[in-house]
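Asker: Go by the hints and put chain B onto chain A.
Chain residues, written in single-letter form:
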Amino acid sequence: ARGAPPTVSNGFQRPPSAPLLRRRRRSPPRALSAAGARRAATPVPNAGRNGAAVPPGKPAAGPPPPPPPRRASQATAAALPQRLGFDPYQTQEPKSAYQTYAVGRDQASERAHGPYQPHEPGYGLHQPGHSPYDDQIPDPKSRMLAIQNAKAYLLKSSTTSGLNLYDHLANMLTKILDEQPTNAVDIIENISKDVKWAQFQKKMDTLRDEHEILPAFEAAEKRKALFLKANGEGDEELEEEIGETPLPNVMETAFYFEQAGIGLSKDESYHIFLALKKLVSVQPIQTCRFWGKILGLEMNYIIAEVQYHEGEEEEETEEEEVIEEGGKRRGDVEDEDEETEKEDEPPKSTYKPPPVIPKEENGTGANKYVYFVCNEPGKPWVKLPPVTPAQIVCARKIKKFFTGRLDAPVVSFPPFPGNEANYLRAQIARISAGTHISPIGFYQFAEEEGDEEEEGGGGRDTYEENPDFQPLSVVEMVDSLSTWVHHVQNILKQGRCVWLNPFQKSEEEEEDEEEEKEEEPDELQQEIGPPLLTPLSEDEGIQNIPAWTAQPSTNLIPQYAVAILQSNRWPGAYAFASGRKFDNIYFGWGHKYSPENHSPALPPPVQAEYPSGPEITETRDPTLEEELAFKAAKEEALAAAEEEDDEEDVEDDEEEDDD
Amino acid sequence: MEVASLPAALELVAGGGAGLSPEKRAVLGASLLLLQRDYRFERVWFWGCIQGVRGAYYIAEGLGPDRAAPRSRLYSLNCVEWSFLPPATEEMVAQAEQLKGRFQGDPSFEYEHIEINAEDAERLFEDGKEPTIKEEARLVATIEQIDRAVGIIPRGAFLKTPLGSVHENRNFEGLSLMEAKKLSSYFHFTEPFNLKNKTLLEKADLDPSTDFLDSLEHDIPQGSWTVQLEKGDTVVVLRSLLWLGLMFYHVPMTKQYGYIYFGTGEKNFDLPFML
Chain A
1 ARGAPPTVSN GFQRPPSAPL LRRRRRSPPR ALSAAGARRA ATPVPNAGRN
51 GAAVPPGKPA AGPPPPPPPR RASQATAAAL PQRLGFDPYQ TQEPKSAYQT
101 YAVGRDQASE RAHGPYQPHE PGYGLHQPGH SPYDDQIPDP KSRMLAIQNA
151 KAYLLKSSTT SGLNLYDHLA NMLTKILDEQ PTNAVDIIEN ISKDVKWAQF
201 QKKMDTLRDE HEILPAFEAA EKRKALFLKA NGEGDEELEE EIGETPLPNV
251 METAFYFEQA GIGLSKDESY HIFLALKKLV SVQPIQTCRF WGKILGLEMN
301 YIIAEVQYHE GEEEEETEEE EVIEEGGKRR GDVEDEDEET EKEDEPPKST
351 YKPPPVIPKE ENGTGANKYV YFVCNEPGKP WVKLPPVTPA QIVCARKIKK
401 FFTGRLDAPV VSFPPFPGNE ANYLRAQIAR ISAGTHISPI GFYQFAEEEG
451 DEEEEGGGGR DTYEENPDFQ PLSVVEMVDS LSTWVHHVQN ILKQGRCVWL
501 NPFQKSEEEE EDEEEEKEEE PDELQQEIGP PLLTPLSEDE GIQNIPAWTA
551 QPSTNLIPQY AVAILQSNRW PGAYAFASGR KFDNIYFGWG HKYSPENHSP
601 ALPPPVQAEY PSGPEITETR DPTLEEELAF KAAKEEALAA AEEEDDEEDV
651 EDDEEEDDD
Chain B
1 MEVASLPAAL ELVAGGGAGL SPEKRAVLGA SLLLLQRDYR FERVWFWGCI
51 QGVRGAYYIA EGLGPDRAAP RSRLYSLNCV EWSFLPPATE EMVAQAEQLK
101 GRFQGDPSFE YEHIEINAED AERLFEDGKE PTIKEEARLV ATIEQIDRAV
151 GIIPRGAFLK TPLGSVHENR NFEGLSLMEA KKLSSYFHFT EPFNLKNKTL
201 LEKADLDPST DFLDSLEHDI PQGSWTVQLE KGDTVVVLRS LLWLGLMFYH
251 VPMTKQYGYI YFGTGEKNFD LPFML
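First to last, the protein sequences are chains A and B. Okay, so the first sequence: first residue is 1 according to the numbering used here, each after it adds one. Okay, so the second sequence: first residue is 1 according to the numbering used here, each after it adds one.
Simulated from the structure, these hints should not be mistaken for laboratory data. Fair warning: there could be bad hints in the mix.
Stated by the list, open to error - Non-contacting residues of chain B with respect to chain A, defined by C-beta distances greater than 12 Å in every case (computed):
1) Val-53
2) Ala-56
3) Pro-86
4) Gln-145
5) Arg-148
6) Lys-198
7) Leu-206
8) Asp-211
9) Phe-212
10) Gly-258
Claimed, not checked - Which bits of chain A does chain B cover? Going by a derived footprint, with three or more residues having C-beta under 8 Å, they are:
11) 287 to 298
12) 423 to 431
Where is the CB? At the ideal position from N, CA and C, for every residue including glycine.
Just chain B, with the same shape it has in the complex:
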């Protein structure tokens, strides 16, 4: 969620019980602005917090002029000093998917005994070391997976220019209450997968400047999002059941929206049994 709207936004997502202490809230307002200054980000989003066993990671993302470009991610253990995270590679993501269990809370912690297939094993064993993966890499991979899978925005909030870059839509005035209850009004803010598979009839209804992303309608498994009206039906809160802890809020007919993650950073593989 945007830095500028962080205090109000935290109030709106507090229905899940997780939030930030007053100390963290106070320091985030200042330290994220400084991040914006130092790294010349156009926008800084507070992504959320991953709880480890011994400590927590606070994550922030910085966006450049093209909002759909890969975002720079930073993490901090105390919300005061931030360090850059390396960009996520497919290899990292594949390795991290095999790790199970909680995060430890120490970025230099090394996970051992990960199972890898034979090809990778040959490559790595050339060094003579056992394959290990650092918690930092796991953190990067997890954030990337979460963003790819459940990072969402309301329809119409971003526009794609003919040149391909993506900007905020200044004319976006919020979804209406009816629209806000439907899953088709929300898009995954990542490279679309299903867009090409739509029929021509469906494509004819799309507006290429606003409908350039996948919507949540066809997410598998169906029912992996809960849509609730909170605070006396004034806020729409979407919670993901695949990554427990991701919350998206939107106040209908206003420009306020955003998503945040408060959780342990583990995918909910039991989802099909739980629905």
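Here chain A stands alone, though its shape is the one from the complex:
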């Protein structure tokens, strides 16, 4: 040791303990006993070691021994605190104020001091309870050598990982002393693992960072784009915006729904607000509304309900082609049969596919509104195609989750005529028809001068706002369901809102149809549904559950409560009313509620290949007895016939008898 050799005084000694580890020290001064007041003043890296060096069992009283010289920078040989009675291999029991967390640590380092290499002096001389140096004046040189050997061993790099124990222990202790966790001894292994992990993490840090954050950056860019004002907006356009705009006040609606705990986070609502603004500026839209959000497996849909200015609509021809193809598919079967086999013609199929019911015109019935969807605000809006009755009829029979991609196929039975975009549109139509409601009196039928019969007997299908609307109080809105009415036409079983007899269609098929009509005169009756603006009290419940649950948003402050209705038939559909304001919204998975499990439609029974009649009915083959009996009967008949002939020809009988 660079310091003076330890002195003996008062029966115990305090060895000059220079630090083995070179480390910077920032810990607060340790608690001191009277014996070590001076030590605390000097910056000492491991005062704990001093504490550990106090031999157990010896009283700490007595005049303080001369402080051994020590410096924080001294990295050379530390004093081996192996003095009388002090043995590093015994457990140290803290007996003085210097005992700190580093007791265990010192044990390790002191054990490291001990001669445990066979070539080192003192090896094999260890006896528990005595130190190997008990009987000799310690030779600083050999001790130093032992220490240097120990340190060299610690500095040896591992062949597998390239680390060495010395650095690892140094890092670990640095981390512990910096962070000062509670109960560090219990989590020491985890800390060791973390330190090792941190070593390797640095090398891959840059790569991983760049790769990971990229998708989030792109999404953030898109959302930021929402907030940028389009270039080239002059003052005139600003005035237009502030005036009549089809843009709905999404935040206001969100506020009312929030009173009931329904709705998206404010951030998302605002993004949707801006996305709707973008939609309105791009398309020629007369009215626009945030319809709701439908959740999907991979992505979600945000849906906007829109009405175009009159005359601005573009006719979509693609959907008509799809329908025609679907109708033709079954007809093709007949043609193929004719083409392939001309020699042996199998019986012609008598199957006539049911007539395709045409979809309703854009702007009426189920296609009254046009719907735009996007996956996230910031992504472009996609227009959904109009819905056909066949799609609605099929959508009623299936129950599938949406994936989030509009072009995904819908694999189901009965096979859905379309892809996910069509299925989504069909569900939106059903939900709107079932759950869009308004306070009674808000809408009224327009004064019509024409006959009602002109509209096909389906009732009125247009309404307008009532300028004399008197809003009812929230209590009244909640108590009785008759204060609410549906303002969207009900969809009939056929899949349309206005019933259409498909056999009255085109004049080309009139001749054939007359025959068919005679065959099926009674099957197609006009379907009638509840007329527009029927109150909710007419809604059927499901088993013993009413169709709607009405609640005020708060019972504590009834003056400012909002009437909230939740649909039980379409879980996720909500409506609120407060004064003159009301709105409907949907947040959910897009399925109807049914207390019974969904049973998919069974496949139809196998078609009969041919009409069965007596001539092609299979019968059992006759058994041997039956055949013999038949033969005998036949012979008898023959014989009887011949006997009759015998009277005319006797010679034949005689000849036969001879044979």
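Answerer: Chain B alone, transformed into the frame defined by chain A:
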């Protein structure tokens, strides 16, 4: 989800459209803390809300020093006064599984005409009464089923000590974005079923202090969880399709995570047809 992080957490799960009104949020912050004080819970989780036809049940769970011990459950109709729910028994769960339909919203409502097998029928008919089950028992059983089936935590969030008790992992710093998208980084926070069935090779890779639960990878049917990145790819939200309404959120590389249930309390038996 933790009481302390409730306001922020509700913002993160609001993507499903269901949440709490400002009134309920305000009162929960206070009343759940009082629960913690009164019953000496170490942690209080707001479990969620089950919508009945006429009212809703708000459920809270209290945890003791061992986080994996059976939790105490409390329910409230208005988030102000809370009542203890009895612990769930297997019998209760079996009976409640046969009930169908919505919750009524009244805890003392009695369901009748439940079908039970012959053995139970003999036992119960001794009393001379028809078998009925109260809505409270159904509530207990439903919460237990939901927790068992779809209550999840991220991997590494909890540690098992050698003595068997489970604590939060103070060194848990969150899953990375890559890990957060995989189902194998999430565990069911309940007694593991499949752990013993793993091969030795798989078991060798496990760390017994963190991997002591079943992961979501092998849930049946496959695809019964949706994993989505929301809010501009900053939050990972897992939604269960078996119990529609359960949402789990986690912000990658942070300690924020939690799950909550907003729904009608009915199992989605149509799941195989819907996928």
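Asker: For each hint, tell me whether it holds in the structure or not.
Answerer: Right, here's what the structure says about each hint:
| no. | hint | verdict |
| --- | --- | --- |
| 1 | Val-53 | 5 Å, violated |
| 2 | Ala-56 | 9 Å, violated |
| 3 | Pro-86 | 26 Å, holds |
| 4 | Gln-145 | 17 Å, holds |
| 5 | Arg-148 | 21 Å, holds |
| 6 | Lys-198 | 23 Å, holds |
| 7 | Leu-206 | 15 Å, holds |
| 8 | Asp-211 | 15 Å, holds |
| 9 | Phe-212 | 15 Å, holds |
| 10 | Gly-258 | 15 Å, holds |
| 11 | 287 to 298 | holds (count 6) |
| 12 | 423 to 431 | violated (count 0) |
When each numbered hint is compared with the structure, violations occur for hints 1, 2, 12.
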